[in-house]
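Engineer: Single-letter residue listing:
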Amino acid sequence: MAGITENGREHQHTITALVQNHPGVLARVAGLFARRGFNIESLAVSVTENPEISRMTIVARGDDRVLEQITKQLNKLIEVIRVVDYVEHTAVERELALIKVNAEPKDRSEILQLAEVFRGRVIDVGEKTFLIELTGGPDKIDAFARLMAPYGIREMARTGVIAMARGTKTA
Amino acid sequence: MAKWSGAQILLECLRQEGVEFIFGYPGGAVLPIYDALYDYRDIKHILVRHEQGAAHMADGYARATGKVGVCLVTSGPGATNLITGIATAQMDSIPIVTLTGQVRTTNIGKDAFQETDAIGISMPITKHNYLLKRTEDIPRVIAEAFYIARTGRPGPVLVDIPLDVSLGKIEWDPSQYPKDPDIPSYRPTYKGHEMQIRKAAQAIKEAKRPVLYVGGGAVQSGAQAEVTELSERTNILVTTTLMGKGAIDENHPNSLGMLGMHGTAYANHAVHNCDLLIAVGARFDDRVTGKLDQFAKYAKVIHIDIDPAEIGKVVHCDIPIVGDVKTVLQELLKYVEPRPATEWNRQIMEWKRLFPLVYPKDGQMHAEYVIDEIWRVTEGNAIVTTGVGQHQMWAAQYYKVKRPRQFITSGGLGTMGFGMPAAIGVQLAFPNETVVCIDGDGSFQMTVQELMTAVVYELPIIVAIINNRSLGMVRQWQELFWSERYSEVDLQASPDFVKLAESYGAIGMRVTRAEDVEPALREAMSQRKKPVIIDFVVPTEENVYPMIPSGQSIEQMMLRKDLEQLRASVDTDGEQWSFAEQEEILKQFVEQPARQ
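Chains as they are written, first to last, in the working numbering: chain A, 1 to 171; chain B, 172 to 767.
Check each hint, because a few of them may be wrong.
Said to hold, decoys possible - 30 Å max Cα-Cα, derived BS3-like pairs, lysine-lysine:
1) A:Lys72 with B:Lys732
2) B:Lys362 with A:Lys76
3) B:Lys471 with A:Lys76
4) B:Lys340 with B:Lys281
5) A:Lys72 with B:Lys362
6) A:Lys76 with B:Lys462
7) B:Lys304 with B:Lys281
8) A:Lys72 with B:Lys462
9) A:Lys169 with B:Lys732
10) B:Lys379 with B:Lys281
11) B:Lys484 with A:Lys72
12) B:Lys462 with B:Lys484
13) B:Lys484 with A:Lys76
14) B:Lys370 with A:Lys72
15) B:Lys468 with B:Lys532
16) B:Lys238 with B:Lys362
17) B:Lys350 with A:Lys72
18) A:Lys106 with A:Lys72
19) A:Lys76 with A:Lys169
20) B:Lys376 with B:Lys505
21) B:Lys571 with B:Lys370
22) B:Lys571 with B:Lys700
23) A:Lys76 with B:Lys350
24) B:Lys571 with A:Lys76
25) B:Lys379 with A:Lys76
26) A:Lys72 with B:Lys471
27) B:Lys532 with A:Lys72
28) A:Lys76 with B:Lys304
To be verified - A few chain A residues that face chain B, going by a derived Cβ cut-off under 8 Å, partial list only:
29) Ala27
30) Arg35
31) Gln69
32) Arg166
Rather than coming from a laboratory, the hints here were simulated on the basis of the structure. These numbers come from a predicted model, not from an experiment. Note that beta-carbon positions come from the ideal geometry of N, C-alpha and C, so glycine has one too.
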């Protein structure tokens with residue numbers, strides 16, 4: 001039957017795109033998302049082991065049709081070499097966060113303990129603040145941020161997810 | 172090795188690409204290129220009057236020839252004036268390469284005189300674009316630009332060339348020009364997947380009510396013979412989109428004409444009721460589908476397209492086949508078995524009899540009559556371009572083209588003003604053909620200044636203005652859907668098109684009576700050196716029918732109120748077949764199995 005199919009369930013997908021390391025590629029990818037009304041949850045870019053090639057990791061949300069279009073439209077860009085859409089558990093996902101949290105003397109040991117449980121590192125100590133570095137899956141960072149919230153998070157910066165397939169498989 | 176300037180290298184690359192014409196307009200940032208052009212006499216430069224015209228001419232040239240059209244403009248306003256033309260080419264997948272000048276690389280980003288970010292602006296409306304940073308990169312980038320424009324799903328490519336890059340001098344050997352370059356990240360698929368093709372053949376075999384829905388992709392890939400053969404062998408009738416006109420001879424009994432908003436009622440009925448829709452190089456535009464959940468709702472869909480992103484973009488597809496239309500159809504024809512005409516064919520023919528495409532033959536000069544006459548007088552051989560509006564839809568309905576690349580129109584973007592400059596590009600490519608631009612009084616005035624270009628290059632294009640002194644299509648919508656509140660559609664105030672033509676050095680004629688249409692056209696066709704503007708003064712109030720209101724389904728299709736009377740008066744010579752004749756046609760197909 002023709003006509004648009006029922007909107008399926010929304011999933012979060014992690015898409016990695018290997019692209020030529022040319023100026024303007026990021027603008028092309030970001031522009032594509034904006035123009036076609038796709039929502040990006042995060043986008044992380046950096047060069048790979050080959051300086052000619054960059055790797056973009058894009059986290060997007062949508063039903064299967066939306067995700068299929070995202071993948072196809074990305075592939076259509078001339079400078080995109082390869083697009084891989086990782087569904088749950090087929091890839092290792094990591095994100096880095098820097099969290100500047102209020103650290104009154106009475107709270108300091110508690111915060112340090114919590115950071116330790118999450119394998120976070122305090123990388124700067126101010127008179128009234130800690131700056132904590134944390135890596136992990138987005139859920140772990142979300143959970144840690146929730147725990148820090150009562151102390152007062154002054155600033156938080158997150159890199160967005162980067163991902164890589166498990167095992168011998170490569171993008 | 173000899174020293175070459177960037178501008179010289181650029182022109183040498185264009186020469187090696189076989190570029191015959193550059194449509195352009197000079198300015199500061201492209202002066203080195205224009206200076207080099209002075210010595211490149213084998214590439215003919217066409218000096219336009221506005222950069223938009225240059226883009227449409229390159230586009231018209233590309234649509235008519237299948238080659239890559241080229242235009243050259245300066246930075247800033249030169250580049251921005253191209254935008255409408257580039258977007259037009261992008262929406263209809265037309266291969267053009269646009270060369271824009273840019274300020275010196277050291278000035279980029281400093282809001283220099285006549286600087287705009289041509290790359291940023293054109294990104295959403297090009298297949299790809301380049302900012303040249305070094306003179307050394309010119310050959311590679313030009314080669315890639317042409318290659319990308321013409322391969323895969325064709326489209327416009329923009330190359331932005333800073334002044335210092337075209338001025339720069341380097342040692343270069345022109346024999347090193349990398350024609351047909353290899354771009355690792357760009358590998359279009361041409362051959363269809365064999366399993367999928369077999370599946371499609373099986374689906375065709377099993378279908379009870381199949382229809383072919385053929386789009387611009389079939390024209391682009393030159394698949395007329397394959398489409399026709401598939402239709403003849405299987406007795407599956409063919410409806411084409413606006414862009415697909417000519418993918419089968421529209422005078423062929425298997426042609427149902429255009430479908431969609433202003434398509435024929437019988438094509439729309441056929442698509443609505445089919446159980447297998449074979450979409451060939453067509454992209455399910457909303458002007459075709461109308462209300463999506465009602466479109467071909469009983470049908471299984473086979474979708475053949477070179478662009479994987481088109482498959483499943485708008486409608487669900489049961490059998491996707493990614494590949495070049497011509498190549499895929501050739502493969503498909505190996506598996507498709509002959510199939511007799513069936514009750515379904517008879518049903519469609521009955522719809523054709525019940526809901527013909529007609530207008531009153533009452534001796535009045537209706538717009539449809541003018542187009543019918545253009546078709547008759549040119550014996551259906553003219554290359555037709557159009558503007559956008561009612562006249563465009565009437566032209567699509569009544570000018571039954573025989574071959575691909577014969578009907579040149581702005582489909583996707585709907586660009587008013589496209590017709591005349593496009594006709595110039597077409598006539599330059601085919602100096603001996605009759606080129607007719609069917610235009611509207613509104614559309615014509617959008618790019619009227621290019622008439623000068625046609626006069627200067629002695630191009631005998633015929634511009635048939637269907638003059639209803641109104642923005643007719645908007646007027647029609649206001650009449651039908653906006654309670655006849657005619658807001659700002661009155662074009663009573665227009666120049667005298669005859670005097671306007673004469674002031675440009677063209678020939679102007681005005682026709683107000685039906686009997687004068689043919690003589691005027693014959694006189695226009697006898698001109699071989701001058702453009703002719705014919706102002707056909709037609710009634711203001713007429714609407715294009717059939718019409719399916721935007722976003723609605725075929726159940727809301729509006730037909731002429733006087734269809735009943737008109738149907739009785741349908742003549743049987745040529746344009747419409749009597750039912751008896753149709754049955755005769757059907758019988759032929761049943762008795763003579765289509766050729767193998």
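Engineer: Keeping to a limit of 30 Å between CA atoms, is the pair of B:Lys462 and B:Lys484 held or broken?
Structural biologist: Holds, at about 15 Å.
Engineer: Would you mind confirming whether the straight-line C-alpha gap from A:Lys72 to B:Lys732 stays at or under 30 Å?
Structural biologist: 46 Å, violated
Engineer: A:Lys72 and B:Lys362 were given as a pair; does the straight-line alpha-carbon distance stay at or below 30 Å?
Structural biologist: 18 Å, holds
Engineer: Given a cut of 8 Å on the nearest C-beta pair, is the interface hint for A:Arg166 held or broken against chain B?
Structural biologist: 25 Å, violated
Engineer: Check the hint pairing A:Lys76 with A:Lys169 against an upper bound of 30 Å on the C-alpha distance.
Structural biologist: 23 Å, holds
Engineer: Does the structure keep B:Lys571 and B:Lys370 at a Cα separation of 30 Å or less?
Structural biologist: 33 Å, violated
Engineer: Hint check: B:Lys379 vs B:Lys281, CA-CA at most 30 Å. Holds or violated?
Structural biologist: Given pair B:Lys379, B:Lys281 is violated - Cα atoms ~65 Å apart, limit 30 Å.
Engineer: Please verify whether A:Lys76 and B:Lys304 have alpha carbons no more than 30 Å apart.
Structural biologist: Judged against 30 Å, a Cα distance of about 24 Å means the pair holds.
Engineer: Taking only the CA atoms, is the gap from B:Lys468 to B:Lys532 under or equal to 30 Å?
Structural biologist: Not satisfied, since the Cα-Cα distance of roughly 37 Å exceeds 30 Å.
Engineer: Would the stated hint for A:Arg35 survive a check requiring a Cβ distance to chain B of less than 8 Å?
Structural biologist: For A:Arg35, the interface hint holds, since the closest Cβ of chain B sits about 5 Å away, which is under 8 Å.
Engineer: Given the hinted pair A:Lys76 and B:Lys350, is their alpha-carbon gap at most 30 Å?
Structural biologist: 22 Å, holds
Engineer: Would the pair B:Lys571 and A:Lys76 pass a check requiring their Cα atoms to be no farther apart than 30 Å?
Structural biologist: Violated: B:Lys571 and A:Lys76 sit about 35 Å apart, past 30 Å.
The structure fails to meet hints 1, 9, 10, 15, 18, 21, 24, 25, 27, 32 from the earlier list, while all remaining hints are met.
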